[in-house]
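Peer 1: So the sequence lines, in the order shown, correspond to chains A and B. Heads up: the first sequence begins at 1 in the working numbering, then just goes up one per residue. Heads up: the second sequence begins at 244 in the working numbering, then just goes up one per residue.
Each hint should be verified, as a subset may be incorrect.
Unchecked claim - Facing chain B, a subset of chain A residues (Cβ under 8 Å, in silico):
| no. | residue |
| --- | --- |
| 1 | 22 |
| 2 | 48 |
| 3 | 50 |
| 4 | 52 |
| 5 | 70 |
| 6 | 82 |
| 7 | 85 |
| 8 | 87 |
| 9 | 98 |
| 10 | 100 |
| 11 | 101 |
| 12 | 103 |
| 13 | 104 |
| 14 | 106 |
To be clear, the hints were calculated from the coordinates, so they are not data collected in a lab. Please read these numbers as outputs of a predicted model, since none were measured by experiment. Glycine included, C-beta positions come from ideal geometry on N, C-alpha and C.
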Amino acid sequence: MIEATNLSKRFGDIEAVRDISFVAHDGAITGILGANGAGKSTTLRMLYGVLTPDSGKASIDGIDIRGETSKARAHLGVLPHAAGLYGNLTARENIHYFGSLHGIGADLVRSRTAELARLLGLDSFIERRAKGLSQGQRIKVALARALIHDPGNIVLDEPTNGLDVMAIRSLREMLLSLKAQGRCVLFSSHVMQEVAALCDRVVIIGHGCVLADATVDSIRQASGAASLEEAFLQVLGDTEGVS
Amino acid sequence: MHALFTVFAKEFVENLRDRRTLLSALLFGPLFGPLLFGLMVSRMLSQSVVEADEPLKLTISGSGNAPGLTHYLEAQGVKLTMAELSENEARAAVRGGTAQVVLIIPEEYGRRFTAATPAPVLLVADSADSQTRKSADRARIILGSYASSIAQLRLEIRGVNPLLTVPVAVNEIDVATPTGRAVVVLGFMTYFVLFAVLMGGLYLAIDSTAGERERGSLEALLSLPVARSSLVGGKILATCAYMCISLGLSLSAFVCVFRFVPLEKLGMSANLGVGTALIFFAICLPFVPLGAALMTFVASFTRSYREAQTYLTAVLLVPTLPIAFASIYSLKTRSSLMFIPSLSQHLLMTSVLKDEAVAARDVWLSALGSIGLALLLMVLTARHWRRETMLG
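The task is simple: from the sequences and hints, build the whole structure.
Peer 2: As structure tokens, this is what we get:
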């Protein structure tokens, strides 16, 4: 379970995030929807502790990310916006490197890698250098890398960016299987269809504030709009650049 | 500690597979210096050996005006080329390189010589050209000795003791040892050694910082439950490893090159065998963590590979400053200077080359100075990595 409580963050004069609160539950996919620059990445970065909030608190499974950073991170897998791999290492070495940095024993890293390779379909390219992999293959390796320590929670920052239709489809299946395993999945996107198709719950962010936090259906009912698209546009105000 | 070694091992292996890192760490860095150095020194030495043996070449114009002087020059073994040149033609010939040094004897020479008033001759040479400058110096010395022998003859004829004109007799004693003389030539090899150290770690320092940012792997790395100091420590340690390899290769190359440089032709012995190379390695070892920390520190502030490359190329030149300072002020090994990195290594290596006694205390102080500064830079780098701005 991931909890954000009254998170705020300024960069100089710009108030990137203002008093954001929401909860992402286990066994569910929570989507953060917002235009570019709405504050999605800043919010997620505070959740996995690479940015310090000016006020408010973020916790993973009830563990404060600021107070007990390492302990909280052991419960959390992260796929940042830029999920680059080390080109001169093989896919397997990339995954093992992160496993080892998590402090997991070599045997366990090996068996976890084998399991993830099967689950995510990495077997055909796992021994290849990362620089030769396609964008879709890279995102799978990056996801395996984020899951190597078997975290109960996973945060993904715009994971579908730059992926083709097939890769988006297989990523969607992966997220659904993570949910089926009872994990808490939190991901951000500016693509509405993606959020609508996958999420149990949507947090809509605009100008650094939470505009709506509800299930997809209830957002549609509350706005009284017939289609999802219209419902989102009403919540966001037409000016927001959501595609 | 486990995380630190994980980072170290990964950086070491990853860069071992990178052609650019390997070329700079194991080829250009360590071999460039010794090769260039060997070529330069052997050319320089063979030239000065040849010059000392060869007779002086002099183009002489108007030799008929001074048959006595011409005979004297020939008797001194000067190779004379007879020519008839005006002053302007002589200037053009020297400038154009067709003659090295031209001696012009004007018509009035004979008349003034007989009248015992100063008889003029013109010596045309180019002092900006080190070759002809040496020839001009030799010509000047021979002309001077001709003049003083004539002066002594004139005094004797007039019944004056010629020794009266020599009130002071200067005797020079040159205390330069054979190796000491070689050191003048070899002095700047120390920079090549320090250059090899820095070159060895250049690309790893860039790749593990700016490269990490540019390929987008930094944020994932920073969101791991690992202390930032472990990340920085592992990266600096890997840079150190490459620098050590480069240092070892560079010293080995120097040992090889010294076998082929004809130093003994000048009666010099260059004292760089395997034993000295090992001492050099020990002297330079404390400079390794300093170089690695400095490069990682600087590269951590850069946004891209290209930017890091620009700044780190400037860092490559930093060790030249104290060395240049040392040669301008001809500094000698002193304890008070041992705290200055690069200068202390330069002075210690030079002392070893000169066969001078090196105090153990100075070696320790040099190591202490470099390692102290290295630790400070490591702490500053780790502190920078803990900042939010590190994400970029």
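Peer 1: Each hint needs a verdict: does it hold in this structure or not?
Peer 2: Status of the hints after comparison with the structure:
Violation of the interface hint for residue 22 of chain A is found here, the shortest Cβ-Cβ separation to chain B being roughly 20 Å, above the 8 Å cut-off. Taking 8 Å as the C-beta contact cut-off toward chain B, the hint placing residue 48 of chain A at the interface holds, the least distance being around 5 Å. Among the interface hints, the one on residue 50 of chain A holds; its C-beta lies about 5 Å from the nearest C-beta in chain B, closer than the 8 Å criterion. Because the smallest distance between the Cβ of residue 52 of chain A and any Cβ of chain B comes to about 7 Å, under 8 Å, the interface hint for this residue holds.
Because the closest C-beta pair between residue 70 of chain A and chain B is about 4 Å apart, less than 8 Å, the hint holds. Residue-level restraint check for residue 82 of chain A holds (minimum Cβ-Cβ distance to chain B is 3 Å; threshold 8 Å). Because the closest C-beta pair between residue 85 of chain A and chain B is about 6 Å apart, less than 8 Å, the hint holds. For residue 87 of chain A, the interface hint holds, since its Cβ comes within 8 Å of a Cβ in chain B; the closest pair sits about 7 Å apart.
Because the smallest distance between the Cβ of residue 98 of chain A and any Cβ of chain B comes to about 7 Å, under 8 Å, the interface hint for this residue holds. With a cut of 8 Å, the hint placing residue 100 of chain A at the interface with chain B holds, because the nearest CB-to-CB distance is about 4 Å. Given the 8 Å rule on beta carbons, the hint for residue 101 of chain A holds: about 5 Å separates it from the nearest Cβ of chain B. At its closest, the beta carbon of residue 103 of chain A sits 7 Å from a beta carbon of chain B; the interface hint therefore holds under the 8 Å criterion.
The interface hint given for residue 104 of chain A is broken, as the beta carbon of that residue sits about 11 Å from the closest beta carbon of chain B, more than 8 Å. With a cut of 8 Å, the hint placing residue 106 of chain A at the interface with chain B is violated, because the nearest CB-to-CB distance is about 11 Å.
Against the hints set out earlier in the document, violations occur for numbers 1, 13 and 14.
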